[in-house]
Amino acid sequence: MDGKLILGFINYFMLTLIFSLGIVSVLLKNQRKKLTFLFLLFLCVVLISFLLFGGQFFIFSAIFLIIFSTLLILFVNNQEFFSIKTTLIHIPNIESQKESKDNDNGGFYKKNFYKIVNYNLLDTINIIISVIIIIVFGYFYITYTNNFFKEIKLVESFNVISLLALIEDLSINYVPLIFLIILSICASFIWFLFMIENRRKRE
Amino acid sequence: MNIQYLSIFSFSIALAGICTVSIVKRFLSIIISIQLVIISAIVNFYCYSLFLYNLSGWDKIFVFFAVIVLYMLLFLAVFYNYLKQTGIYEIDSLSNLNLFMCTKSDWWGEDKD
Amino acid sequence: MNSLNLLQNIQGIINNIYPFYSSSSLLIVVFILLFFINFGKKAFKIFFLIISFIGITAAFFINIFSFLKNGTFSNYLFNYDLVEVVMISLVLFIGLNLLGLISFFNFYKKNFNKILILFLFSITIFIFFIASSNFLMLFSSLALTIISIFLLVTSLNDELPYKITEEYILKNYILRFFLVTVFALSLIFLGFSFIYGATDLKSFAQILEAEKISNSMAKLGIFTLFSSLFIFSFIFPLQSPYIKLLKRCESSSAAVIWFLYYSTVIFLFLKMRNVFFYLITNSTTNAVNGGASAGNTANTSASLNSNILSGSINNIYNNISINNIYITSFLFFVAMVCLIFGNLGAVKTFSTRRILSFIFLVVLGFSILSLGFYSIGIFNESVLVFIIFSNLACLILFYFPYSLILFEIEKANGNDRINSFGNFSKDSKDYLIYNFYNSFNGKYILINLVLAAVSFPLIVLFNAILSKDGFLKIIRLVFLSVYTVGESKENMQNALNKYFSLNNTFIYLGVIILSVGFIFLMYNLIRVAILMFKNKKLENLKSSDKFSDKFSDKPSDKLGDKTSDKNNEISAMQPLQHDYKNQEKVQDNIQDNFKFKKQKSKKDKDIFPKFYYAYITIFNLVIIYLLIFNILQIFNINILPFEIGQIIGKF
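Residue numbers (this note's numbering), protein chains in the order written: chain E, 1 to 203; chain G, 1 to 113; chain B, 1 to 651.
Only chain E is shown next, with the shape it has when bound in the complex (with noise of 0.2 Å):
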């Protein structure tokens, strides 16, 4: 009994945890702080996968994924250390300049005033109509899937399949999904090489 709930709690944990670290990392304005975050929550993911007896599988999946996750770290690192960190400079239209009457810098920059408020109020409509979607679609999904969980009949104890067995019903019956995806592959395999060609030449 006592095991049940302390699993029960650690899932509930970790499912806030997944919450709370996506927001925080979707968020944060400095790039390697996100990384730093979306890797724990690559890694409260990976936890849970092994909480709900699913963990056998993600194992591969968890390979895959840090390949993707080393090149998000190349990607954010080329960008953080060597680029080059300069404010641009946004030269306007000299006739624009003439229209505006608060313009008294000549020649200097300076922001148009509408333009500003335009930007922020399509930001805030969005941000609105999100916030306004997503409760209804909690509200739509709290009501008509009460029912749903109350009719279920839920299995007696938790029986999970054996690997083997996995990977037998796999070989048996998916071999066209696997042979799809080492055609694909091959084909981004092709690409890698032109671009990374045409990357250097650009160079």
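Just to be clear, a hint being listed does not mean it is correct.
[Unchecked claim] Only some residues are given here: those of chain B computed to face chain G with a beta carbon under 8 Å: (1) 35; (2) 37; (3) 38; (4) 143; (5) 146; (6) 147; (7) 172; (8) 176; (9) 182; (10) 185; (11) 197; (12) 240; (13) 349.
[As the list claims (entries may be wrong)] Derived, one-sided and incomplete: chain E residues facing chain B with beta-carbon distance under 10 Å: (14) 146; (15) 149; (16) 179; (17) 181; (18) 186; (19) 190; (20) 193.
These are calculated hints, taken from the structure and not from any lab test.
These numbers were taken from a predicted model, which means no experiment stands behind them.
Don't be surprised by glycine CBs; every beta carbon is placed ideally from N, CA and C.
With chain E's structure known, arrange chains G and B on it following the hints.
For chains G and B alone, coordinates are given in the frame of chain E:
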């Protein structure tokens, strides 16, 4: 462990992902928001398999292949962005990639943006 | 004995790979071409082209003949029926035309061979997606198709002579477009997780047979799937990434997005069509309007399938019931928005790319309107599938030659503005385009464009009308006063009264939306053709400068410098069409890429090669034939050796 609470938690993660995808502008933030939706789906699969179906392997195979193909596409997008960088920080990392923002030129008139 | 065993083994392999003979032939072609991938000479490129053409043509015929010989196929992962055969045939026909378009605009690129191989890969993977029925196979093959389209689009938009800032703008818009598709894919993954929660079954057919779809968790999953389909299709108000990308990308990649990407979206809907039909026909909300007062029966496919051929006029209105008012209203609203705003967006702009992008969304709106007509009972399932296929086929027949001409003129002119096509400065030595517009060839092109512009919307409209026999009888009666043989006067009068009854609000709404969209579309298409050939005169530099200053985004304009040289004047929004023939002479330097050749040598007498005229003529002849066929059908004259209703009924 109650399956309803677990599914509500995972649906809230999905909603967080959907909300943030429509709001954020940076490339990395969009990638992270999409991860949240994917993670919610993975948690759903494992939860339902554990509570509802005995000895089900289909969800694990589904998650396996889905993660491979989705992350392959994300990998290619990140790699393409990485290859085409200009070397100027402001252009590379502060560019506005808001997915669902519409300007006036998307509806009417010439495209000046 | 050994040779017999070998033959038996080969036959066994061939039987095992059915129904993928077409994709196998494409893979054989790819395997052969891989040996020559690094050979960049012209002879090898022509060899690549010829082999690819043969491969795709062979795949087209193998697909049809193998189905006629072996029939339907169904297993754990795949389902192969008449609908799948038509889909694969359409994709292979699109592939043939795209092969031509990609070659016309990318032949002189160094990586042309690799681009062709990626193109063949994308078609192969697309065929697997079309045949898949299992959820896992469907999702994975859809994602792999999107991956292959991404590889193709990015490779086509590489090696362009852009400035760094323009290149990064294009890269951002490509990423923006494909990140939306990734998001939609992740929503599909989420939707399948909800369906898995409802049931352990692995395909839509199994779920419908077991009637598990009434489960609330399954409905949530299906709602998520359809909303991701909405996001996939970039319908208003989510059209921004699509419109912005198509304005800036390379010409053939625009065609790839129109026909490979949007075919994926349309075929994904057709994969889920049975679920859509179930939701419409088995909803609990009943009809509100009195139009379905007499015999308010549900739209069952069995009852309407008999009507498609016999078409007794009373049965149309007896069977109309607005089964789900919410879905119907939503479909009509989306169709109205697409038709009105797509046309409005095309009216205001002078950029041919934007016009074509908006018109594509308009035609998509026509398909959505036909879904609305299905939900109110005017069409049945097989008719709806036929209309979706015919709309796509009409788009292919119309868009390929039309966009080929516009892209080629854009390449010669340096930008895609219609009203600047005919403005040439006295200082410019480019009399080639001016002479072309005034020549017989130019006028021939103009006539073809106008004919295509007039015929295409009419065909789309008539496909909708002819698909429903009863609809056609109403129109004959109302507009031609032709009484159909076999129908009594009373029946016809009752049907007319119901047609004009004020209670049929949705029918009225649908007809109004259809007619407004149709008129608007025709106006837009004819406008493009006529504006292109207007103002065919030499004008001064000053007038063209004013125009380009207003719409270009160059740094020189930001500084207020108006004394830019005409030859280097480019719009920042436009991809430059580089003259790759002289690529060896161009130094491998970023600055050299800023120069471009706006004019061809004076020895070239024409913008278009001869092949273009034959291509445009053949497609226009097919369009005009279809138009004549449709018009004669209205007067009850059938020029085909079979009844079109028989083919429609088989879907």
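Here is what the structure says about each hint:
1. 35: Hint violated; residue 35(B) Cβ to chain G Cβ min 26 Å, cut 8 Å.
2. 37: violated (20 Å)
3. 38: Because about 20 Å separates residue 38(B) from the closest Cβ in chain G, which is outside the 8 Å limit, the hint is violated.
4. 143: OK, holds: residue 143(B) within 8 Å of chain G, min 4 Å.
5. 146: Holds. Min distance 6 Å.
6. 147: holds (5 Å)
7. 172: For residue 172(B), the interface hint holds, since the closest Cβ of chain G sits about 5 Å away, which is under 8 Å.
8. 176: Holds - the Cβ of residue 176(B) comes within 8 Å of chain G, reaching about 5 Å at its closest.
9. 182: holds (6 Å)
10. 185: holds (6 Å)
11. 197: Holds, about 4 Å.
12. 240: holds (4 Å)
13. 349: holds (6 Å)
14. 146: Since the shortest Cβ distance to chain B is 9 Å, the answer is holds.
15. 149: holds (9 Å)
16. 179: At about 9 Å, which falls below the 10 Å cut-off, the nearest Cβ of chain B leaves the hint on residue 179(E) intact, so it holds.
17. 181: holds (7 Å)
18. 186: holds (8 Å)
19. 190: Interface hint status for residue 190(E): holds (5 Å vs cutoff 10 Å).
20. 193: Cβ of residue 193(E) sits 8 Å from chain B, so the hint holds.
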